[in-house]
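Let's have the full structure, built from the sequences with the hints guiding it.
For the protein sequence lines, the chains are A and B, in the order given.
1 is the number of the first residue of the first sequence in my numbering; add one for each residue after it.
1 is the number of the first residue of the second sequence in my numbering; add one for each residue after it.
Hints were generated in silico from the structure; no laboratory data involved.
Do not take every clue at face value.
[To be verified] Now the stretches of chain B that chain A is said to cover, found in silico as 3 or more residues with beta-carbon under 8 Å:
id, stretch
1, 94 to 103
2, 159 to 173
[Said to hold, decoys possible] Below are the DSSO-like pairs computed for lysine-lysine, each with C-alpha atoms no more than 27 Å apart in a straight line:
id, chain 1, residue 1, chain 2, residue 2
3, B, K190, A, K105
4, B, K190, A, K104
5, A, K65, A, K214
Backbone N, C-alpha and C define an ideal beta-carbon position, used for all residues, glycine too.
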Amino acid sequence: MQSLELKQVNKSFGSLQVLSDINLKVEKGEFAVIVGHSGCGKSTALRMFAGLETATTGEVLADGKPIAGPDPQRVMIFQEHALYPWRTVEANVGFGLELAGVDKKEKRARVNAVLDKVGLDGFQRYYPHQLSGGMRQRVAIARALVVDPEVLLLDEPYGALDAITRLQMQNELIKLWRGTGKTMVLITHDIDEAVYLADSIYVMSPRPGRIIQKLTADMPRPRARNSQAFVDLRQQIMDSLDIGTYSI
Amino acid sequence: MTQPASPAPAPQPTNNKAGAVRRRPRLWAKTWPYLAAVGSLLAIWQLAATAIGKPFLLPGVVDVMPRLARIFTNEEFTTGFFKSLYRLALGYPLACLLGALLGLLGGVSKTFAVYLRSLISILQSIPPITWVPFFMILLGFGDLTVITIITIASFFPMALSVLNGTEGVNRTHLEVARTLGASRGQLLTKVFAPESLPAFVTGAQVSFGNAWRSLISAEMVGGASVGLGRYLSYRSEIADMQGVLLSIIVIGTIAAVIDLVLLEKLKRRLLHWRYVSGGDQ
Ligand SMILES: Nc1ncnc2c1ncn2[C@@H]1O[C@H](COP(=O)(O)OP(=O)(O)OP(=O)(O)O)[C@@H](O)[C@H]1O
Ligand SMILES: [Mg+2]
Numbered sequence: 001m002q003s004l005e006l007k008q009v010n011k012s013f014g015s016l017q018v019l020s021d022i023n024l025k026v027e028k029g030e031f032a033v034i035v036g037h038s039g040c041g042k043s044t045a046l047r048m049f050a051g052l053e054t055a056t057t058g059e060v061l062a063d064g065k066p067i068a069g070p071d072p073q074r075v076m077i078f079q080e081h082a083l084y085p086w087r088t089v090e091a092n093v094g095f096g097l098e099l100a101g102v103d104k105k106e107k108r109a110r111v112n113a114v115l116d117k118v119g120l121d122g123f124q125r126y127y128p129h130q131l132s133g134g135m136r137q138r139v140a141i142a143r144a145l146v147v148d149p150e151v152l153l154l155d156e157p158y159g160a161l162d163a164i165t166r167l168q169m170q171n172e173l174i175k176l177w178r179g180t181g182k183t184m185v186l187i188t189h190d191i192d193e194a195v196y197l198a199d200s201i202y203v204m205s206p207r208p209g210r211i212i213q214k215l216t217a218d219m220p221r222p223r224a225r226n227s228q229a230f231v232d233l234r235q236q237i238m239d240s241l242d243i244g245t246y247s248i
Numbered sequence: 001m002t003q004p005a006s007p008a009p010a011p012q013p014t015n016n017k018a019g020a021v022r023r024r025p026r027l028w029a030k031t032w033p034y035l036a037a038v039g040s041l042l043a044i045w046q047l048a049a050t051a052i053g054k055p056f057l058l059p060g061v062v063d064v065m066p067r068l069a070r071i072f073t074n075e076e077f078t079t080g081f082f083k084s085l086y087r088l089a090l091g092y093p094l095a096c097l098l099g100a101l102l103g104l105l106g107g108v109s110k111t112f113a114v115y116l117r118s119l120i121s122i123l124q125s126i127p128p129i130t131w132v133p134f135f136m137i138l139l140g141f142g143d144l145t146v147i148t149i150i151t152i153a154s155f156f157p158m159a160l161s162v163l164n165g166t167e168g169v170n171r172t173h174l175e176v177a178r179t180l181g182a183s184r185g186q187l188l189t190k191v192f193a194p195e196s197l198p199a200f201v202t203g204a205q206v207s208f209g210n211a212w213r214s215l216i217s218a219e220m221v222g223g224a225s226v227g228l229g230r231y232l233s234y235r236s237e238i239a240d241m242q243g244v245l246l247s248i249i250v251i252g253t254i255a256a257v258i259d260l261v262l263l264e265k266l267k268r269r270l271l272h273w274r275y276v277s278g279g280d281q
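Quick look at the structure:
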């Protein structure tokens, strides 16, 4: 499994500075969550781990080695499921294996196994437009899991889902991750989601993004959303994001 | 399948096969306005013929139809007919292939896209039949000249359409493929190409119109000694108005059949995922 690290990373798009001197280290097998204001550069940071973006200055490392480009060992899951509409569920999930030239029989077996895991067995022949939003995101997760990557990068994977589905998906994600030893980096706007899922939480400042705080969530899983530890951590995140209450 | 006559609650279509049942009334809804359009054209023609009253100048529908029915026994016509289809069958697919390849390349290389757009805008401003004299001298009279002209006239709508299609490719779709380890070639065949298929189909339809028009006009202005276009212009030279009219009917019918039946079938086949019922997209 891989550890991930940003070392004194700065990133500018033209004259717009997006990331400012970011230091961040995600250990092997850790579930890290990044929260922060919209536009503070969370996606940009994650895309660096995926090899889709390069740092203007500083180092982006996987297992201590610089990341040169995309690698199927580090798969990204996007906010808009980004399934291929012309492919069936089966073909979407098997895409990574197809690219790697895995033979048909093995591909089918692995696709079916993963679909079974995400609860979509029986939907092999469906097209994405025939699925609900939650099912589409499950397919996107299955598409990433089927190549058995060491790192999963999730960019607000549940941002487009309703609250009930989102809670359900959070449980599923934890179940999929536990015991696999995969390194996870998840971005979210949802503070409860961060506290519920994370081992460690990075809070970013508004643009140009810096890491303002690193918090550790060490409550045992499954976590009770109303436990004192949970509520305290939530409050700490809100404080560092500078979301107070309003005064009358 | 028989439809229940009573308004008993019809079983809700739950699988994809049920879509076929619902397609039949839709097909009819599309067909009848088409038939009405054909009918009204024939009616105007017949009215004009009756009003003019000189069958040698403008024969009526009723004068031409019997000859149309027998036209395939006329050897001069049938050789021309098959010759034209033969040229189309070579030139048009060649143009589609060429256009699609160039368009796809333009999607991958920005520089090539600019080059291609310039090339297209130059070719677009030259009417295809102006190539007839040029290629007649270069390639001689006949198939090669006509096929070359069809290809020139019809590759660029395809190229343009596919180029626009590839430029509009969803960026996230590409990034998904890249993070899953796609090579440049795989991006081309597994993302750019399928994502440009709708544009390919549109291109095929527009290109077909260009191919057919340039084929007939190239034959008419003397690019070849046999062919539907040549038959038509010869009938005009000998003042055979019936022959002229029935050529026009045949030329129009072939184009309509290819466009509405063959290309429509192709579209449903290539984009079949779009026609699967259910869902909200
Ligand atoms: N390719 C790009 N070119 C220019 N500017 C960009 C590019 N990508 C991102 N930016 C800019 O960088 C800033 C940060 O973008 P980013 O997508 O990382 O934010 P984010 O924290 O993920 O926001 P959100 O929570 O809304 O998704 C934004 O102001 C955006 O306009
Ligand atoms: Mg973002």
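Going down the list of hints, with the structure as the test:
1. 94 to 103: violated (count 0)
2. 159 to 173: holds (count 3)
3. B:K190 x A:K105: 20 Å, holds
4. B:K190 x A:K104: Roughly 17 Å between the alpha carbons, so the hint for K190 of chain B and K104 of chain A holds.
5. A:K65 x A:K214: 23 Å, holds
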